[in-house]
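Can you make the complete structure from the sequences, with help from the hints?
Protein chains: 2
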Amino acid sequence: MAADPTTHELIAKHRPTLDQALEAIRTRAYWSPHPEHPKAYGENGSLSAGEGKAAFDALLGGRLAIDQPGTDDWVGGEVSPFGIDLGITYPHADIDVLLPAMKAGRRAWRDAGAETRAVVCLEILKRISDRTHEFAHAVMHTSGQAFMMAFQAGGPHAQDRGLEAVAYAYAEQVRTPDAAEWTKPQGKRDPLVLDKRFTPVPRGIALVIGCNTFPTWNGYPGLFASLATGNAVLVKPHPRAVLPLALTVQVAREVLAEAGFDPNLVALAAERPGEGIAKTLAVRPEIRIIDYTGSTAFGDWLEANAGQAQVYTEKAGVNTVIVESTDNYKGMLSNLAFSLSLYSGQMCTTPQNLLIPRDGIGTDTGPKSYDEVVADLAQSVGGLLGDDARANALLGAIVNPDVKARLEAASGLGEVALASREITNPDFPKATVRTPVIVKLDGARKYWEGADDEAAYLSECFGPVSFAVAVDSAEDAVRLLRRTVQEKGAMTVGAYTTSQEVAASIEEACLEECAQLSLNLTGGVYVNQTAAFSDFHGSGGNPAANAALCDGAFVANRFRVVEVRREG
Amino acid sequence: MAADPTTHELIAKHRPTLDQALEAIRTRAYWSPHPEHPKAYGENGSLSAGEGKAAFDALLGGRLAIDQPGTDDWVGGEVSPFGIDLGITYPHADIDVLLPAMKAGRRAWRDAGAETRAVVCLEILKRISDRTHEFAHAVMHTSGQAFMMAFQAGGPHAQDRGLEAVAYAYAEQVRTPDAAEWTKPQGKRDPLVLDKRFTPVPRGIALVIGCNTFPTWNGYPGLFASLATGNAVLVKPHPRAVLPLALTVQVAREVLAEAGFDPNLVALAAERPGEGIAKTLAVRPEIRIIDYTGSTAFGDWLEANAGQAQVYTEKAGVNTVIVESTDNYKGMLSNLAFSLSLYSGQMCTTPQNLLIPRDGIGTDTGPKSYDEVVADLAQSVGGLLGDDARANALLGAIVNPDVKARLEAASGLGEVALASREITNPDFPKATVRTPVIVKLDGARKYWEGADDEAAYLSECFGPVSFAVAVDSAEDAVRLLRRTVQEKGAMTVGAYTTSQEVAASIEEACLEECAQLSLNLTGGVYVNQTAAFSDFHGSGGNPAANAALCDGAFVANRFRVVEVRREG
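Top line first, the protein sequences correspond to chains X and U. Note that the working numbering has the first sequence beginning at 1, numbered continuously upward. Note that the working numbering has the second sequence beginning at 1, numbered continuously upward.
A hint or two may mislead.
Given that identical chains are not distinguished, each listed pair holds provided it fits within a single copy or across any two copies.
Mimicking DSS-like on lysine-lysine, the simulated pairs with C-alpha atoms at most 30 angstroms apart in a straight line are [said to hold, decoys possible]:
1. Lys330 to Lys184
2. Lys279 to Lys103
3. Lys184 to Lys430
Hints were generated in silico from the structure; no laboratory data involved. As the structure is a computational prediction, the values presented were derived from the model and not from experiment.
Take a look at the structure:
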């Protein structure tokens, strides 16, 4: 199909970036086209810090206009974890009108082919990138992330994950050629000759069910993987984090229309409080793909009930760090302290259980007892968060009352090694800001003075709560690690050891239980962070998630290939 | 991991073939390393026709020795559709002993890496290829295929599909490098540096549930895709077609052991009559992948109940051929006659519904009425099968009493245009051999004199039964095609038309309903045949099958990638 001028321009503009992304996922070396530093923006059409803030402020209290079919109401009710009432309303859709309308553009989008779809996706990401400062505020005031984290994780890092998904989707679709001539020799007779055409076809409408804490970072991979493989995408944001994905839908529709496609290929499904439309949408026959990030309970429900769809889930897990020995005690403590503190531990990748031998560990500054390690870690966290300004910049705000309730309950689970501290955010006095709590538990103790240690460390306690679990030995730690991953799943595993034998045993456990491992991190990389194009987020092989971001399996079943063959 | 000498030899021996297979799936041009002609065998270590027959005869009435753990009985009871009692018994496994034993070798198999696994699989296929003449008899006397078809479809074509799966599995695993150094610039500070290792890890034990009609052709893709991606594979053959897969298991175990791996990575699950172990095995927690070919009912059950596993199903469909017009009437009739007759229509790809406009069609020999087309087709089938020797060579035997019963019932469904004829096979007088029946139905008629045309043509009638369905127009045919694919699924769609407009409309229907289309076949390629490395078998996008043979999606989720990263 001949590309129209707009498509040509987009290919010329974005093909080099696509090629770099394809190379990056092949080598998995460091690469990103999206600057991390806020000061990198403000030129060449991108919004500066001031412009981004002004754009965000202009959204407050208004309607976010999305001209999509079937709008029967305007709904909204987001209150920032920092205390601002956003007052923004979004179109509420009559899905019996919207879903059929989303099918109208699918043929042209399919016929456009993989390359055109990829560059249209890249143009969407470019326009989002230009508005990173605006998105940063939107992510901050829905997730509760502090500004810098909202900027980076909600901006360039999320855009990277979206681009990564586009690259995988493109690569997967072009593994089969558009056409082939097949000539089969028949001895002395004429050969059999067939002309074959291969077309990637979409599955139908894809549903993205967004989460509260990382609306863009967790939403973009599925959104762009489905769109790039030819599907229409319906975005159902978390009711407390609508704005970042609504803006995304707005940009996507604008780019699609400009490129000559039906904007209804991307639409928004905002909901009334308590409406629970995810459950309704998830079993609609039109919905053939679902990407979900959130609770295990609903993820399991989707996997069991949305049989008409391909379901990709990131649920919850219990992340473990084994602390066995280190040649950089100070580096280990600061690295761990940062991991526990970042975004108040409200990441699906934040370590929860720190397994420490009860007889202590070896370090470069001599042997340390279990109590010393826990006390030193508590001190390290305390030091990191001692200054309120720095604490606010790191912690952000508690995202919802459930997290706060879990944090408050945690101190009753065992001996508190580090108590949570309430911090005031001078810019946002209504924000709930808390430092992490560290609770001592014993891996060998099931019931003790009314406490059930095992029940505590084998449950996910999402939020700024960590357990320093005393274990009998490195072997015992590995045993508990295996059990935790098997039963509860894990998005991340960390370990500190100077013993090659222990390292090998932990590596083997992670290979067998299928969990991603970070070993001996003491510098500026943290177990809870992954980089697109290089690190896999989740493994897809343990109960925490049934897919990884991003690999071939994440994209390969979002489309099918139809072959038309005829005699040549 | 250093390869041992045997592995080196296998790489040297098979890497060129693997590379050719990788190239073939990329270009989808014709390629096969497995000769189709029986006379190509008998040299360089392969069995000649006589040797193959002798090897098969030597198996009859004996135990097929497979030295696998947990054997608690010897079971069997295969009776050839050609009337021979095979009298072969196979190990019956205590699965509580066998399944744990199958895990013992998984670490070494995982650590061997993708290339070694691929060449071990290629060595298994090579040894099977060398015994193609023996396998041909095994397939013939379990499936009821005539010898030449059993030879080709059960031999080289099945081996091609196995090799294709190995190539896809290998390609998928090496998309991520074994290792990467990741260096992220930090402005004036030192860059962040991480050393990353990536390991493809298996899901666990894969279960292959074989079918009666194509034990090797339908069994090999899943078997080799799972084995090549590091999984152990338990093969549960159809109770009436154990021998071809039992021999396959025997060869695989022999090659694995010689290459230094645990032979228990591949094992057999033969069953007692009526034991139904597929249902028990399918929900065992150790089983993480299932490949199934067979009835829709059990395929749907697997998809709904084996939630712990990745489930790949090829179920049943209703295949349609639209006959709208042709510029080669004679070629069309012979092509269709062959398609309907081959293996007595007992292929999942055999056309069932021939949609013909009630006002007739245009041809190169003038317009033909609906009745003429049906009569001419009946005559063409009659002519093709008029000679009993040729009929026997094409039809094979009716595989089981259910097929015979359906054939006999079919003549009651409408006006019989071609009656089924009973043929004697002089070599196998006990074989049930029948020519196809063609029944006239009307697409506009629901109930008529007690018949329910719609119920007939919208049900799968597996076996030598075709319906010549009168439709109002080409448009009506496309409408019925769409409905049939949507509701019943289709492995194949065929069409004859000289109109570009009609062709485009049928193509669009197939793209939207996700069905593989063959247009205007009049020569030596038939709608029911697909060639590995080039044609997709099934689409994975309609109810007939949830996967296609073979594409990225068929292999990508059989393994996961575990990353271990550490500071550099």
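Going down the list of hints, with the structure as the test:
1. Proximity of Lys330 to Lys184 under the C-alpha cut-off of 30 angstroms is restricted to the inter-copy arrangement: shortest distance 23 angstroms between copies versus 68 angstroms within a copy.
2. Only within a single protomer do Lys279 and Lys103 lie at most 30 angstroms apart by alpha-carbon distance; the minimum there is 21 angstroms, versus 39 angstroms between protomers.
3. Proximity of Lys184 and Lys430 under a CA criterion of 30 angstroms is satisfied in neither setting, with 74 angstroms inside one chain copy and 37 angstroms between copies.
Violated hint: 3 only; the structure is consistent with all others.
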